[in-house]
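Protein sequences, first through last, are from chains A and B.
For reference, each letter of the first sequence is one residue, going 1 to 420 in this note's numbering.
For reference, each letter of the second sequence is one residue, going 1001 to 1420 in this note's numbering.
Mixed in with the good hints, there may be bad ones.
As the list claims (entries may be wrong) - Derived CB-CB ranges, DEER-like:
no., chain 1, residue 1, chain 2, residue 2, range
1, B, Asp1162, A, Asp83, 36 to 46 Å
2, B, Asp1045, A, Glu142, 21 to 31 Å
3, B, Ser1169, A, Ile172, 34 to 44 Å
4, A, Lys50, B, Gly1258, 31 to 41 Å
5, B, Lys1050, A, Glu412, 41 to 51 Å
Claimed, not checked - Below, a sample of chain B positions facing chain A; criterion: calculated Cβ distance under 8 Å:
no., residue
6, Lys1055
7, Leu1287
8, Ser1346
9, Leu1347
No wet-lab data here; the hints were simulated from the structure.
Bear in mind the structure is a predicted one, so any value in this text is a computation, not a measurement.
Idealized CB from N, CA, C, for every residue including glycine.
There are 2 protein chains.
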Amino acid sequence: MKIGFLIIGSEVLDGKISDLNTKHLADFLRQNNLEIYESTTVRDDADSIKAGLKKLFTQNEVVITSGGLGPTKDDITKETIGDFFHKKMLMNQEAIKIAENNYKQFDRIFPGQEHGYAYLPEGFYPLSNSTGFAPGFYFKEENKILFSCPGVPREFNSMLNDHFFKITSEKIDHKIHMRHFVVRTKNVPEEKIFGEVDPTLWEKLQKFGDVSSLPILMGVDIGIKIKASSKEALEKQEIELRSIFASSPISKSIWHIGAESLEQKIVSIANEKKITFGFAESATGGLCSHRITSISGSSQSFIGSVICYDERVKINQLGVNPETIQKFQVVSPETAIEMAQGLQKSLNLDFAISITGYAGPTGGTKEFPVGSVCIGRAMKDGHSSASIFNLKGDREVLKQRFSQAVLYALLEELEKIAGI
Amino acid sequence: MKIGFLIIGSEVLDGKISDLNTKHLADFLRQNNLEIYESTTVRDDADSIKAGLKKLFTQNEVVITSGGLGPTKDDITKETIGDFFHKKMLMNQEAIKIAENNYKQFDRIFPGQEHGYAYLPEGFYPLSNSTGFAPGFYFKEENKILFSCPGVPREFNSMLNDHFFKITSEKIDHKIHMRHFVVRTKNVPEEKIFGEVDPTLWEKLQKFGDVSSLPILMGVDIGIKIKASSKEALEKQEIELRSIFASSPISKSIWHIGAESLEQKIVSIANEKKITFGFAESATGGLCSHRITSISGSSQSFIGSVICYDERVKINQLGVNPETIQKFQVVSPETAIEMAQGLQKSLNLDFAISITGYAGPTGGTKEFPVGSVCIGRAMKDGHSSASIFNLKGDREVLKQRFSQAVLYALLEELEKIAGI
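So here's chain A without its partners, still in its complex pose (with noise of 0.2 Å):
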């Protein structure tokens, strides 16, 4: 089954937001085995967005769209859609219901059948929308399915989860085992990994499917996409892999085999193993502390971080010492240390770590330009230390680099004090 997927919006196509929904359509598809084949972003005007389902309807058979539902003017994907399939718009007795109780749930009041939701093309039918107002909706045609929701990724996952597998399933080939072999790897690029650290790799790989080498941050994942005709399969192929990997070079810069993200597994190892941490963060601003604090149950092993901007925020709340600012510079190992030391006293942690350093555009000196980064460790038997990194990138760049950079120490340091 090949599934395509139109995103209709202006306000993607004029950089007004980001497109989050294909993350999220692709998450959501892999669970049964399924995958996007391609996709298209069209402006909201209706020759675009005819164009578009043409264009897709050609190579898949089912084309979701996104986008376009909304109860404004510039909403015309229902109508449009309608026109594509040659069929009249129509009240819908059921596409009222729906909207009835979508309103209900916000505990207000449908306005009723003079409004837009009350209507769909000819055939279609509605779909109920739990996180929002604006009902979606299917069609199916010979071998073709429709399937719409709105734009808004909450309304849009909602509506994937509460409906599309019961349209879709007579379509769906359950004999097919998918799934994405993942292994993350850091702080060797890409050319070396399959150059000078393991040449043969990328053939022994490509024995078991599609591979892929995506730089993330400060690394690699490599990717193996592997298919089969059972569960036992494939795990006897993920075996094989796992031994491909275990005996390359490459193994020693891996830090997870698997999709789970850095924050996830730094979470699951702190609350298994008990151990309490916390971020003294003067470069990074908050942005590892949010990293981790995404995650559910980080608050059992997070405890709280110092967000230190301000030099005075570095002396008053972590006790660093204003000579060791004045003698060695603000970002310096021997600030970091003192941050980190001034942060595990205060907040009475297992391990804290600390990051200083020049996230730029202005700032910096001689031997510490923008990019430098010093991150501190301290743990509470009184082992501290510190290293000094220098990374490129605008801003932005430098803290999401930054606080990877702090990310990698962190769970360097909580699989040593687990012993893993």
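Got chain A; can you put chain B on it based on the hints?
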């Protein structure tokens, strides 16, 4: 000049990363009154890339591609585009020179003529990469221009900046001036804005150009795309639009006219009026601080924050009275006020703002279920207050909405202090 964008990357369709280049490209093109007409995302296979090119060149004179220019075997963009135009791959001396320079900037030595970067399809021109290793390229034929960049956002951006307008300048119509006039509102759903609040607004705006309504977090951005033959004519239209909004009942929900972000606006007012501030963040876990510190110059007024995830941090670092938590719960206006007061005193801030709430999926009480959030404010002069919100969404959405509520509250207070 119509521009199509071809995103080459199975990693996007497989949900491993979200596409960020469309937003960058749109922002970049707008500087020269240009826009993306449509975009297509395809997998890294030759047939899909060629079908995408064919489709985009039927409607667009210029096609920009991103992705597939790297050194690994899944990078097939260059060969495939050459094949699409029926061009042979040849060794290209200029490409070698550019690759050598790209490597030199990272203190590395280009491996030499055997490397894939040394080759280009006949008649193609290489493009230097000021932030990465892989060269880009362009090709002109009759009325077509093809421009290919790496997919890594930093490299994609720098290549556009360095080369795009030089290559396409002859095609750009410098007589058309275009602007996105954006009016940013908060706390009123779009259906209400153009319904109960101001039912004639849409028609009035439509006379100026395409109108759009975009729900974002806890607000709606109303956009009007205005075009004119001179900058003066554009400005005249903007003045008329401003007066329409000034006399509309929606005016009291407008927090900004223009594309400036909430974070930028906060930092520019705080810096101009020399107001220092910081956050006591519980439920947002660092996100408020991260959003503010993404703005260059924020260190002038943003002093620091305490991420008080654990109750002990609220008590020990912020001085919240344990009895307050016992009596009123940790998510309560009373606790929120003490958190803000504690932060204000300990960091000696002009204004401190706190947040305590339930981001879920677990937690919450009968009175304050998941989605409840209390925001506290404390000023240097001793004034303090708190407000309560009930929001909907999953953990990630709630963190985003909570932080938006905090930043709205912060902006309001700053405007009050600044007398705006």
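Taking the hints in turn, this is what the structure says about them:
1. Asp1162(B) <-> Asp83(A): 36 to 46 Å: holds, 44 Å
2. Asp1045(B) <-> Glu142(A): 21 to 31 Å: Given a distance of about 27 Å, which is inside 21 to 31 Å, the answer is holds.
3. Ser1169(B) <-> Ile172(A): 34 to 44 Å: Distance hint for serine 1169(B), isoleucine 172(A) is violated at roughly 51 Å.
4. Lys50(A) <-> Gly1258(B): 31 to 41 Å: Taking Cβ atoms as reference, lysine 50(A) and glycine 1258(B) lie about 34 Å apart, which means the hint holds.
5. Lys1050(B) <-> Glu412(A): 41 to 51 Å: Since lysine 1050(B) and glutamate 412(A) have Cβ atoms about 45 Å apart, the given range 41 to 51 Å holds.
6. Lys1055: holds, 6 Å
7. Leu1287: holds, 4 Å
8. Ser1346: Serine 1346(B) check passes; min Cβ-Cβ to chain A is 7 Å, inside 8 Å.
9. Leu1347: holds, 6 Å
Comparing the model with each earlier hint shows a violation of hint 3 alone; every other hint is respected.
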